[in-house]
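There are 4 protein chains.
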Amino acid sequence: MANSKYEYVKSFEVEDKLMPSTWIVVRIDGRHFHQFSDEHEFEKPNDKQALELMNSCAEALLEEFKDVVFAYGVSDEYSFLFKKTSEFYQRRASKIVSILVSFFSSLYVMKWKTFFPLKELKTIPCFDARAICYPSTKIVRDYFSWRQVDCHINNQYNTCFWMLIKSGKTKREAQDILKGTQTPEKNEILFQLGINYNELPAMFRKGSCVFRDKVEEIVKYNQDGDPVKRLRTKVGTVHRDIIGDTFWREHPEILSD
Amino acid sequence: MANSKYEYVKSFEVEDKLMPSTWIVVRIDGRHFHQFSDEHEFEKPNDKQALELMNSCAEALLEEFKDVVFAYGVSDEYSFLFKKTSEFYQRRASKIVSILVSFFSSLYVMKWKTFFPLKELKTIPCFDARAICYPSTKIVRDYFSWRQVDCHINNQYNTCFWMLIKSGKTKREAQDILKGTQTPEKNEILFQLGINYNELPAMFRKGSCVFRDKVEEIVKYNQDGDPVKRLRTKVGTVHRDIIGDTFWREHPEILSD
Amino acid sequence: MANSKYEYVKSFEVEDKLMPSTWIVVRIDGRHFHQFSDEHEFEKPNDKQALELMNSCAEALLEEFKDVVFAYGVSDEYSFLFKKTSEFYQRRASKIVSILVSFFSSLYVMKWKTFFPLKELKTIPCFDARAICYPSTKIVRDYFSWRQVDCHINNQYNTCFWMLIKSGKTKREAQDILKGTQTPEKNEILFQLGINYNELPAMFRKGSCVFRDKVEEIVKYNQDGDPVKRLRTKVGTVHRDIIGDTFWREHPEILSD
Amino acid sequence: MANSKYEYVKSFEVEDKLMPSTWIVVRIDGRHFHQFSDEHEFEKPNDKQALELMNSCAEALLEEFKDVVFAYGVSDEYSFLFKKTSEFYQRRASKIVSILVSFFSSLYVMKWKTFFPLKELKTIPCFDARAICYPSTKIVRDYFSWRQVDCHINNQYNTCFWMLIKSGKTKREAQDILKGTQTPEKNEILFQLGINYNELPAMFRKGSCVFRDKVEEIVKYNQDGDPVKRLRTKVGTVHRDIIGDTFWREHPEILSD
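Residue numbers (our numbering), protein chains in the order written: chain E, 108 to 364; chain B, 108 to 364; chain C, 108 to 364; chain W, 108 to 364.
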């Protein structure tokens with residue numbers, strides 16, 4: 108009973124290698140997460156625990172996949188950057204996309220209890236994912252700028268919207284008030300509701316950046332009781348501006364290749 | 108602060124629509140599951156609970172995604188068949204692949220405790236996935252025949268191998284004994300170890316088929332106490348031969364379109 | 108001086124194999140042929156010589172490439188159908204597309220003088236081309252029906268348009284008269300200009316079908332002076348309806364595989 | 108008679124846009140040109156007229172397509188480089204590939220008589236073509252270095268081979284003599300046959316580079332009889348080393364974008 112008779116069906120599989128020497132971004136995005144966040148009563152406009160669950164999954168993902176050098180998350184989405192020279196699964200798109208989203212989804216369920224000890228997971232968290240290649244460092248930075256601008260625009264709108272709701276407006280009224288407003292007007296609305304936008308948590312305003320960083324660590328204490336330190340590479344999360352040059356200048360190893 | 112300046116990065120996303128009017132198969136496959144099954148002490152050559160966990164996830168997946176008309180699972184892999192006319196996410200490959208594998212992964216973790224109440228999930232279950240298009244019903248059937256032949260070949264080998272191990276052979280010895288053997292010789296080896304291959308559970312020998320079927324259901328009892336029945340469509344799992352015509356003749360709705 | 112140092116650049120080439128077991132259509136289409144036909148004073152709405160040049164190139168192409176089983180041409184476009192099982196250049200799209208369009212272009216220039224003995228080729232004839240896969244015979248037939256309906260619609264419009272011009276109307280007036288008209292109204296316009304649409308040459312109304320056909324051929328004469336015939340396969344062109352079943356029923360070998 | 112019923116067949120066409128912001132190389136390559144050069148009695152190892160016909164076609168191609176900034180040709184192949192920012196046909200691969208190869212093929216036939224006034228074109232010249240994207244200037248240069256190294260290796264081998272043939276060796280004997288030889292040994296063989304490899308025409312040794320260059324042109328003569336000059340951009344061909352930096356430093360506009 109040889110298998111060869113049927114093995115021809117393998118010839119229908121298509122090669123889907125991503126272009127060599129380009130940066131690969133895999134962006135995962137919650138499916139039906141509006142509904143998911145309602146079902147699990149996430150706080151509006153931002154649920155700190157839900158965001159930290161996402162960040163924790165992203166950190167674990169960077170621990171597992173050494174070729175992922177940076178990740179940026181906002182709301183129910185996360186973008187993972189592979190280094191330009193990565194040969195992860197020979198750069199096969201469906202392998203890369205499926206493994207990352209599968210790993211992230213499993214983690215999300217496994218870590219749920221840690222971040223929501225009192226909430227049962229009622230429905231099945233699900234993410235879609237895609238891979239995109241970028242040929243230059245400049246365009247990669249523009250990609251992350253795009254996501255962070257989006258974070259800002261959405262967060263400012265949502266913050267206004269939910270503050271208006273909490274102040275007693277209906278959803279319709281809140282939408283009408285915000286229609287066509289620009290940043291200064293939205294800041295003014297928030298100010299009148301007693302909120303200084305810039306004092307909101309950076310995680311809400313800036314999103315989350317996950318990457319490996321050198322941290323000083325105390326290994327042991329010597330005979331004199333003085334600490335013996337060494338530099339260790341550790342995955343961590345910060346909430347920083349990534350549109351300007353400062354962050355990238357401080358972490359040149361991320362985009363060097 | 109308009110987003111348009113950076114939005115050009117979207118133009119790097121590629122359209123990946125699968126050919127219309129073709130059958131789409133999404134096959135998911137455990138990543139590093141050899142190691143995963145060791146860590147969780149799965150029974151060899153087949154762990155009934157592990158297989159039933161897979162089947163339960165597949166069933167839930169068919170409940171969720173109406174365009175998936177059939178699934179076939181063996182070991183740590185599962186193939187899902189979309190009907191030919193499906194317009195699920197406009198047939199975008201990365202959407203389809205990522206959503207299915209994400210959903211399956213989440214389910215696998217969520218259902219773990221039901222199937223392994225006494226075992227902690229120690230590592231992160233992860234699956235890869237790919238989409239393949241088949242232009243005709245004949246080739247779709249050949250695809251599933253390919254998987255079922257593979258199931259048979261692997262299961263027969265593994266059953267022999269682990270029975271030899273249990274009889275006291277080393278792994279090396281077992282490999283040497285099996286090298287180059289054909290089906291009759293393997294059956295003979297099993298027979299001498301007291302095993303009739305054909306009496307092993309069908310799930311191990313045939314794999315698992317998941318699909319919607321019409322089942323009779325008692326809705327209520329009438330005044331005379333007689334049951335009032337109706338036909339209901341229900342997702343279920345069977346362990347059948349799918350290489351021959353019988354199964355497909357009995358379930359013509361699966362491959363009709 | 109080893110070449111290996113630079114050979115890595117080959118890894119940027121992408122595999123572009125077309126799905127096995129599907130019908131491949133390569134459609135070539137004149138680039139800037141509106142201008143080309145003006146420069147070479149093609150007769151309007153149809154230039155018999157220009158069409159026969161196209162047909163002659165298509166015939167030569169079928170003579171050369173045995174896997175092309177049918178071609179349909181109209182105006183400055185031609186569609187070539189590869190049989191479903193073709194392994195021409197391992198079904199690599201760019202090979203197939205480029206070779207066909209290159210061959211056709213060379214032929215077009217080489218044969219020009221035969222069809223336009225008194226006209227110099229003033230500008231460079233150029234065609235674009237694309238490959239499209241179709242998974243079933245039904246859809247292939249729908250493809251050719253699509254092209255033939257297009258032929259009819261364009262030809263009827265153009266015939267009306269140019270007859271109005273020849274009757275003394277300006278281009279603007281002709282356009283205004285035809286705006287929004289349906290088939291019966293266009294036929295009425297032609298009738299009043301003294302033209303019975305159905306008596307126009309079939310090549311203009313139906314386009315051209317090129318394929319291999321069995322023809323009887325006299326090989327020699329025997330001792331009694333009677334002709335000895337045999338069937339020979341020969342590429343030829345007909346102008347037939349290919350939307351209905353008749354043509355395909357008469358030539359079952361074209362779409363059989 | 109609406110066309111819409113059949114228009115669904117268009118949905119089988121696939122989008123094949125090449126990645127933005129990358130260099131596009133289209134390489135065309137003679138099909139069966141070994142045979143073609145025999146049929147037309149091309150001189151061995153290099154036919155000056157045949158190469159100049161190729162160069163003339165490449166020049167005409169650069170005149171027509173402004174987005175092509177450089178071309179490199181050797182033997183029966185030519186590589187055309189589109190600037191990184193090109194939006195030629197929205198970067199659709201099959202459009203770009205087919206139009207270039209079609210245009211080149213037509214030109215080749217049209218210009219044949221100019222370069223071979225005494226030779227009839229006996230068979231149909233045909234080229235295949237493919238498009239490849241390169242994400243950086245460095246890799247583009249490596250691409251052209253790859254082609255030029257290939258030119259050198261092939262030309263040196265072929266020169267030795269045909270000189271041995273002309274000296275009375277059989278093809279088999281010539282192959283045996285050359286088997287496993289390196290550059291110095293081949294140069295020695297040529298030297299003994301009275302040939303200084305470095306004095307062979309640069310076109311044979313280096314291939315041909317086609318690009319736009321600023322040339323000084325006399326527009327008119329002023330009242331004093333002095334020439335009034337201006338710089339004009341003109342497409343021309345040179346035979347230069349393109350592996351080192353010199354050529355590219357002298358023509359920075361080619362790879363600047």
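Keep in mind the hints are simulated off the structure, nothing from the lab.
Treat the hints loosely; a few may be bogus.
Where chains are identical, the list cannot tell them apart; a pair therefore holds if satisfied intra-copy or between any two copies.
Dumping the calculated PhoX-like pairs for lysine-lysine here, alpha-carbon to alpha-carbon at most 25 Å [said to hold, decoys possible]:
hint, residue 1, residue 2
1, Lys321, Lys336
2, Lys276, Lys293
3, Lys151, Lys229
4, Lys112, Lys245
5, Lys124, Lys112
Here is how each hint holds up against the structure:
no.	hint	result
1	Lys321 / Lys336	within (12 Å within a copy, 63 Å between copies)
2	Lys276 / Lys293	within (16 Å within a copy, 62 Å between copies)
3	Lys151 / Lys229	within (19 Å within a copy, 34 Å between copies)
4	Lys112 / Lys245	between (50 Å within a copy, 13 Å between copies)
5	Lys124 / Lys112	between (28 Å within a copy, 22 Å between copies)
Consistency with the previously given hints is maintained throughout, with no hint failing.
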